[in-house]
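Asker: If you want the building blocks of each chain, they are given just below.
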Amino acid sequence: MSWLLFLRPHRPEMPFEPTEEEDRITGEHFAYLQRLRAEGKLLLAGPSPVAGDTIGIGIFDIDDEAEVRSLVAADPAVASGIMTAEIRPLHIAVR
Amino acid sequence: MSGETPVMRILIAEDETIIRLDLRDLLVRAGFEVCAEARDGEEAVALARSEQPDLAIMDVKMPKLDGIDAARRILEERPIPIVMLTAYGQAEIVSRAVEAGVYGYLVKPFREQDLLPAIQSARARHDELQALRGEAESLAEALAARKAIERAKGLLMEKEKLTEAEAFARLRKASQVSGRPLKVIAEAVVATLGVAE
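Chains as they are written, first to last, in my numbering: chain A, 1 to 95; chain B, 96 to 292.
One chain only, chain A, in its complex shape (with noise of 0.2 Å):
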């Protein structure tokens, strides 16, 4: 099972201007998303980056809905509020 992942920053300006502690929160936030993906759980993750109005995209393959739900809770950028997360079902149906 595959689901869509969308992240959304908790202010518009934060990928393009961020304090140091935002700064410091997205780096342990990518760190976390590349050991979930070196573990097979996340296929790919990144930002779709538009001034102002960026969010970040992930593809999960998990078959439990509550492992993604846990796994995203725990990012350490949805868990400070810096993010939030919106998780959809998907169906890839073009391979």
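These aren't lab readings, by the way, just hints derived from the structure by calculation.
The model shown is predicted, which means the values in this text are computed figures rather than measured ones.
Where a beta carbon is used, it is the ideal one built from N, C-alpha and C, also for glycine.
Any given hint could turn out to be false.
Result set (EDC-like, lysine to aspartate or glutamate): computed pairs, CA atoms no more than 20 Å apart in a straight line [stated by the list, open to error]: (1) 159/B - 21/A; (2) 159/B - 13/A; (3) 156/B - 20/A; (4) 268/B - 230/B; (5) 41/A - 65/A; (6) 156/B - 138/B; (7) 159/B - 20/A; (8) 242/B - 232/B; (9) 156/B - 187/B; (10) 203/B - 120/B; (11) 156/B - 128/B; (12) 156/B - 13/A; (13) 156/B - 135/B; (14) 268/B - 255/B; (15) 156/B - 17/A; (16) 156/B - 65/A; (17) 268/B - 282/B; (18) 203/B - 17/A; (19) 159/B - 23/A; (20) 203/B - 53/A; (21) 242/B - 230/B; (22) 159/B - 17/A; (23) 203/B - 117/B; (24) 268/B - 222/B; (25) 203/B - 132/B; (26) 242/B - 209/B; (27) 159/B - 171/B; (28) 156/B - 23/A; (29) 203/B - 13/A; (30) 159/B - 128/B; (31) 242/B - 261/B.
Between beta-carbon pairs, the in silico distance windows are [unchecked claim]: (32) 43/A - 264/B: 55 to 61 Å; (33) 191/B - 81/A: 56 to 62 Å; (34) 279/B - 19/A: 51 to 57 Å; (35) 44/A - 222/B: 32 to 38 Å; (36) 145/B - 69/A: 42 to 48 Å; (37) 253/B - 28/A: 48 to 54 Å; (38) 21/A - 128/B: 23 to 29 Å; (39) 52/A - 253/B: 42 to 48 Å; (40) 191/B - 17/A: 20 to 26 Å.
Take the given structure of chain A and dock chain B to it, following the hints.
Answerer: For chain B alone, kept in the frame of chain A given last:
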């Protein structure tokens, strides 16, 4: 990297955290050393001074001092190859960057496979400019000479089916053999091969 060739030390200046971290990972995996990371233009200038990197990769749009002004200051102190990162749709900024002495650029979001060619291109063009600066009185004169060399290289590549590196090597050899400046050789090539234009 082999023990004989020193690892190239790179300064990254990028205010977008994810892009900066991804860039660092890509460079380290490609065998480079990331010797410093700046989050704005002023920090980039200071780190270029203290860390003496071999090359810098800098975003155009940064707080405090933009990438082009930061590049200009870095190049005034110590010429190094610089790769400029521009956002999608900002390609016109490239001409401003070239005037400042920047010869490599990447449009964001860039692909992993575009990074190394941009670094190689910036290094090659930097080396060419350094060769010219040995002959020229000023940076402005060297940049003017570059235009003739770019035209000469283009003609050699088109008419003699050479690669860019081979075309420059041919100009350089002709300059060394004849004892005449590269600019003069380039102008002669343009006059000879470019007559139909």
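Asker: State for each hint whether it applies.
Answerer: Here is how each hint holds up against the structure:
{"no.": "1", "hint": "159/B - 21/A", "in the structure": "holds, 18 Å"}
{"no.": "2", "hint": "159/B - 13/A", "in the structure": "holds, 15 Å"}
{"no.": "3", "hint": "156/B - 20/A", "in the structure": "holds, 18 Å"}
{"no.": "4", "hint": "268/B - 230/B", "in the structure": "holds, 15 Å"}
{"no.": "5", "hint": "41/A - 65/A", "in the structure": "holds, 12 Å"}
{"no.": "6", "hint": "156/B - 138/B", "in the structure": "holds, 14 Å"}
{"no.": "7", "hint": "159/B - 20/A", "in the structure": "holds, 15 Å"}
{"no.": "8", "hint": "242/B - 232/B", "in the structure": "holds, 16 Å"}
{"no.": "9", "hint": "156/B - 187/B", "in the structure": "holds, 13 Å"}
{"no.": "10", "hint": "203/B - 120/B", "in the structure": "holds, 16 Å"}
{"no.": "11", "hint": "156/B - 128/B", "in the structure": "violated, 24 Å"}
{"no.": "12", "hint": "156/B - 13/A", "in the structure": "holds, 13 Å"}
{"no.": "13", "hint": "156/B - 135/B", "in the structure": "holds, 9 Å"}
{"no.": "14", "hint": "268/B - 255/B", "in the structure": "holds, 16 Å"}
{"no.": "15", "hint": "156/B - 17/A", "in the structure": "holds, 11 Å"}
{"no.": "16", "hint": "156/B - 65/A", "in the structure": "violated, 39 Å"}
{"no.": "17", "hint": "268/B - 282/B", "in the structure": "holds, 15 Å"}
{"no.": "18", "hint": "203/B - 17/A", "in the structure": "holds, 17 Å"}
{"no.": "19", "hint": "159/B - 23/A", "in the structure": "holds, 17 Å"}
{"no.": "20", "hint": "203/B - 53/A", "in the structure": "holds, 15 Å"}
{"no.": "21", "hint": "242/B - 230/B", "in the structure": "holds, 15 Å"}
{"no.": "22", "hint": "159/B - 17/A", "in the structure": "holds, 11 Å"}
{"no.": "23", "hint": "203/B - 117/B", "in the structure": "holds, 12 Å"}
{"no.": "24", "hint": "268/B - 222/B", "in the structure": "holds, 15 Å"}
{"no.": "25", "hint": "203/B - 132/B", "in the structure": "holds, 18 Å"}
{"no.": "26", "hint": "242/B - 209/B", "in the structure": "violated, 25 Å"}
{"no.": "27", "hint": "159/B - 171/B", "in the structure": "holds, 19 Å"}
{"no.": "28", "hint": "156/B - 23/A", "in the structure": "holds, 17 Å"}
{"no.": "29", "hint": "203/B - 13/A", "in the structure": "holds, 18 Å"}
{"no.": "30", "hint": "159/B - 128/B", "in the structure": "violated, 26 Å"}
{"no.": "31", "hint": "242/B - 261/B", "in the structure": "holds, 17 Å"}
{"no.": "32", "hint": "43/A - 264/B: 55 to 61 Å", "in the structure": "violated, 45 Å"}
{"no.": "33", "hint": "191/B - 81/A: 56 to 62 Å", "in the structure": "violated, 39 Å"}
{"no.": "34", "hint": "279/B - 19/A: 51 to 57 Å", "in the structure": "holds, 55 Å"}
{"no.": "35", "hint": "44/A - 222/B: 32 to 38 Å", "in the structure": "holds, 37 Å"}
{"no.": "36", "hint": "145/B - 69/A: 42 to 48 Å", "in the structure": "holds, 45 Å"}
{"no.": "37", "hint": "253/B - 28/A: 48 to 54 Å", "in the structure": "holds, 51 Å"}
{"no.": "38", "hint": "21/A - 128/B: 23 to 29 Å", "in the structure": "holds, 28 Å"}
{"no.": "39", "hint": "52/A - 253/B: 42 to 48 Å", "in the structure": "holds, 44 Å"}
{"no.": "40", "hint": "191/B - 17/A: 20 to 26 Å", "in the structure": "holds, 22 Å"}
In terms of the numbered hints stated before, the structure departs from hints 11, 16, 26, 30, 32 and 33, listed from lowest to highest.
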